[in-house]
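**Student:** Residues per chain are reported as follows:
Number of protein chains: 2
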Amino acid sequence: MSKITRKKFLKSAGILGTMGLAAASCGNIQESKHKNFQEKPDYEWKMVTTWPPNFPVLGEGCNLLADWIYKMSAGRMKITTFGSGELVPGLECFDAVSMGAVEMGHGAGYYWVGKFAASQFFTTVPFGMNTQEFNAWMYGGNGMKLWREVYEQYNLVPMPAGNTGFQMGGWFNKEINSISDLQGLKMRIPGLGGKVLAKAGGTPVVSAGSEIYTNLERGVIDATEWIGPYHDYLMGFHEIAKYYYTPGWHEPQACLELIINKKKFDALPEDLQEIIETAAARSNIWMVSQFVAKNNEYLQKIKAESSVEFKIYPDEVLAALKGYTAEAIEEIIANDADSKKVYEDQLKFRKGVSQWSQISEKMYFDKLI
Amino acid sequence: MSKITRKKFLKSAGILGTMGLAAASCGNIQESKHKNFQEKPDYEWKMVTTWPPNFPVLGEGCNLLADWIYKMSAGRMKITTFGSGELVPGLECFDAVSMGAVEMGHGAGYYWVGKFAASQFFTTVPFGMNTQEFNAWMYGGNGMKLWREVYEQYNLVPMPAGNTGFQMGGWFNKEINSISDLQGLKMRIPGLGGKVLAKAGGTPVVSAGSEIYTNLERGVIDATEWIGPYHDYLMGFHEIAKYYYTPGWHEPQACLELIINKKKFDALPEDLQEIIETAAARSNIWMVSQFVAKNNEYLQKIKAESSVEFKIYPDEVLAALKGYTAEAIEEIIANDADSKKVYEDQLKFRKGVSQWSQISEKMYFDKLI
Chain A
116 MSKITRKKFL KSAGILGTMG LAAASCGNIQ ESKHKNFQEK PDYEWKMVTT WPPNFPVLGE
176 GCNLLADWIY KMSAGRMKIT TFGSGELVPG LECFDAVSMG AVEMGHGAGY YWVGKFAASQ
236 FFTTVPFGMN TQEFNAWMYG GNGMKLWREV YEQYNLVPMP AGNTGFQMGG WFNKEINSIS
296 DLQGLKMRIP GLGGKVLAKA GGTPVVSAGS EIYTNLERGV IDATEWIGPY HDYLMGFHEI
356 AKYYYTPGWH EPQACLELII NKKKFDALPE DLQEIIETAA ARSNIWMVSQ FVAKNNEYLQ
416 KIKAESSVEF KIYPDEVLAA LKGYTAEAIE EIIANDADSK KVYEDQLKFR KGVSQWSQIS
476 EKMYFDKLI
Chain B
116 MSKITRKKFL KSAGILGTMG LAAASCGNIQ ESKHKNFQEK PDYEWKMVTT WPPNFPVLGE
176 GCNLLADWIY KMSAGRMKIT TFGSGELVPG LECFDAVSMG AVEMGHGAGY YWVGKFAASQ
236 FFTTVPFGMN TQEFNAWMYG GNGMKLWREV YEQYNLVPMP AGNTGFQMGG WFNKEINSIS
296 DLQGLKMRIP GLGGKVLAKA GGTPVVSAGS EIYTNLERGV IDATEWIGPY HDYLMGFHEI
356 AKYYYTPGWH EPQACLELII NKKKFDALPE DLQEIIETAA ARSNIWMVSQ FVAKNNEYLQ
416 KIKAESSVEF KIYPDEVLAA LKGYTAEAIE EIIANDADSK KVYEDQLKFR KGVSQWSQIS
476 EKMYFDKLI
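Top line first, the protein sequences correspond to chains A and B. Residues 116 to 484 in our numbering are what the first sequence spells out, letter by letter. Residues 116 to 484 in our numbering are what the second sequence spells out, letter by letter.
It is possible that part of the hints are untrue.
The list cannot tell twin chains apart, which means a pair is met if one copy fits it or any two copies do.
Simulated pairs of lysine-lysine, DSSO-like, Cα-Cα distance not exceeding 30 Å [said to hold, decoys possible]:
{"hint": "1", "residue 1": "LYS456", "residue 2": "LYS466"}
{"hint": "2", "residue 1": "LYS260", "residue 2": "LYS418"}
{"hint": "3", "residue 1": "LYS426", "residue 2": "LYS482"}
{"hint": "4", "residue 1": "LYS357", "residue 2": "LYS466"}
{"hint": "5", "residue 1": "LYS150", "residue 2": "LYS289"}
{"hint": "6", "residue 1": "LYS148", "residue 2": "LYS379"}
{"hint": "7", "residue 1": "LYS148", "residue 2": "LYS314"}
{"hint": "8", "residue 1": "LYS289", "residue 2": "LYS416"}
{"hint": "9", "residue 1": "LYS463", "residue 2": "LYS416"}
{"hint": "10", "residue 1": "LYS148", "residue 2": "LYS378"}
{"hint": "11", "residue 1": "LYS466", "residue 2": "LYS426"}
{"hint": "12", "residue 1": "LYS150", "residue 2": "LYS455"}
{"hint": "13", "residue 1": "LYS482", "residue 2": "LYS314"}
{"hint": "14", "residue 1": "LYS456", "residue 2": "LYS482"}
{"hint": "15", "residue 1": "LYS426", "residue 2": "LYS301"}
{"hint": "16", "residue 1": "LYS161", "residue 2": "LYS150"}
Read the hints as simulated data drawn from the structure, not as lab findings.
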């Protein structure tokens, strides 16, 4: 992709910060085409998000979520979506919804880890479950119950409303052959993954999406992770990095959340509550399906249009990172009762579900392809 | 599980055919608890299903689907669910909905393969995609579009509304060490899997759920497949079979469908159409999550309560079955234009998505667990 195209993507996606124009077109529902819909909604809500406006899959999915709710309620509930920075900065979505300044937010629990440590366990855990297992914990285990308990303390009702699926391990300009190759490495990697990198002697850097390309190009950072082939291609990393590593040990899945101010949610009639719950579940399966389909398509484009080498982290490196992950998690749960409760339940479920996955999904990859 | 418990399950699940009592309690919504709901629904619909009434996960999921629609519509749409045989026999759901005798049905496309061959490609293909890939084809590829096109010829609107996830390969009383061990083997295995077994010299038997246990116990059949640890445990197969094989090469996933009479669907107001589409998507992710969670739990019970040996089909056997599968599919698509169109699109998507799965989900199992 040429830099002009990349810049166009970044601009349209709002990553460059010129979000004013995009805002006006965002979340507007074509009301004229719906017959028999209520003209003036009973509920006009705002959904702030951590994503640039209309961001592929994530922002698009939020717009769709609002659209489904509008249609299902026959125009009684109209939700306007806002990209990060349009109404509040992305990382302030939590406070805005918790305090009731806006009714809804869409993002990921690990963005609020500065508020309370347990939030990250509802998004992803390095070396943790994959998408199918995580959803089984959410809808068929104790996941949803624990999530509601923990977030209730912050006046929030959370629900799964998207997933990135399995992520890639990141872009590098040198090979990672042993754990010592991570020493001194400056890598853009947020969250628990960043803590793990620090334990390995690296320097985790958190930078906004808009800055990563330039920072990597100029050597301000040595490496970066982002999401997967689709979004990484749009960011243009294949133009300036030699190696694309898998697996994304730091995010084997990432559950995205819809958070709703609890007082506002409780005050809704039962039908609208059920409409929101159901739309969120549809968004959950819709987003991951888009990621899988698009990652496939853009993986081919990266291969066709660049000379990027696809690499697998050596087992020795992964084993060391797994050890550091266990240390990092121990430190968190030793100091936080909610984190301990959530993580231990997740771990117990995971230990069991792994055995089932070993004789089912693993067999798919080992034996059927 | 004692035989008494097994019989109780079969009876409550309706497999033994005593379905009268279960019918009365099935699909009844507790209307009294809902405030502000419309007292008399605008739409009172029937959903016939291919599952025994209240059958774990599948029947339960249909009841939930009806309940979500009832709640989201604030009582304007009430759907009563019927188990197989309560209103029409399971395999006649297709005709009943197609002709408009009832408005909705829940089952699996491959049950209608006698009507038109293409239907099976919307359920599962031996050695085909797994759940995540199949959903990506449905929601992010051409799957849904093709499905609607093909089913429109039969006056039906189909949508995914459940998935079994990865299935097990079946129960045997002798080891399968080479493809010749399948010669003369009488196995309960329906659909395309049965055709493949026949090509390997075996005898596929189709028998109702109620008869499998007794047939296997008495040697009327030598082997059977069913679903996975949860349902297989409830059927009691671990009491009478020595070996439990994986992988379920014949069903790496099985997409379950909601079918709606097209005239009835088109006549609905837009909000109710969207409510049904959204409820179906929620059902899709709900069912597979229940299967994964429960299969895990019951896998442990089988291990703890029986001396069943878990076995993996030898690579040589799988390679031969894969070859027979290709032959069987060739025969189908050579004679049916719809099947050819659907299968070739699926195959193209699958070839691409496999490459992404190889560096993502496969890595999860190979490197992160």
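**Student:** It remains to establish, for every hint, whether it holds in the given structure.
**Tutor:** The hints, checked one at a time:
{"no.": "1", "hint": "LYS456 to LYS466", "in the structure": "within (16 Å within a copy, 42 Å between copies)"}
{"no.": "2", "hint": "LYS260 to LYS418", "in the structure": "between (43 Å within a copy, 29 Å between copies)"}
{"no.": "3", "hint": "LYS426 to LYS482", "in the structure": "both (23 Å within a copy, 13 Å between copies)"}
{"no.": "4", "hint": "LYS357 to LYS466", "in the structure": "between (37 Å within a copy, 26 Å between copies)"}
{"no.": "5", "hint": "LYS150 to LYS289", "in the structure": "neither (59 Å within a copy, 63 Å between copies)"}
{"no.": "6", "hint": "LYS148 to LYS379", "in the structure": "both (29 Å within a copy, 21 Å between copies)"}
{"no.": "7", "hint": "LYS148 to LYS314", "in the structure": "neither (56 Å within a copy, 54 Å between copies)"}
{"no.": "8", "hint": "LYS289 to LYS416", "in the structure": "within (22 Å within a copy, 48 Å between copies)"}
{"no.": "9", "hint": "LYS463 to LYS416", "in the structure": "between (40 Å within a copy, 16 Å between copies)"}
{"no.": "10", "hint": "LYS148 to LYS378", "in the structure": "between (33 Å within a copy, 21 Å between copies)"}
{"no.": "11", "hint": "LYS466 to LYS426", "in the structure": "both (28 Å within a copy, 21 Å between copies)"}
{"no.": "12", "hint": "LYS150 to LYS455", "in the structure": "neither (51 Å within a copy, 39 Å between copies)"}
{"no.": "13", "hint": "LYS482 to LYS314", "in the structure": "between (37 Å within a copy, 20 Å between copies)"}
{"no.": "14", "hint": "LYS456 to LYS482", "in the structure": "between (37 Å within a copy, 27 Å between copies)"}
{"no.": "15", "hint": "LYS426 to LYS301", "in the structure": "within (19 Å within a copy, 47 Å between copies)"}
{"no.": "16", "hint": "LYS161 to LYS150", "in the structure": "both (24 Å within a copy, 26 Å between copies)"}
Hint violations for this structure: numbers 5, 7, 12, all remaining hints satisfied.
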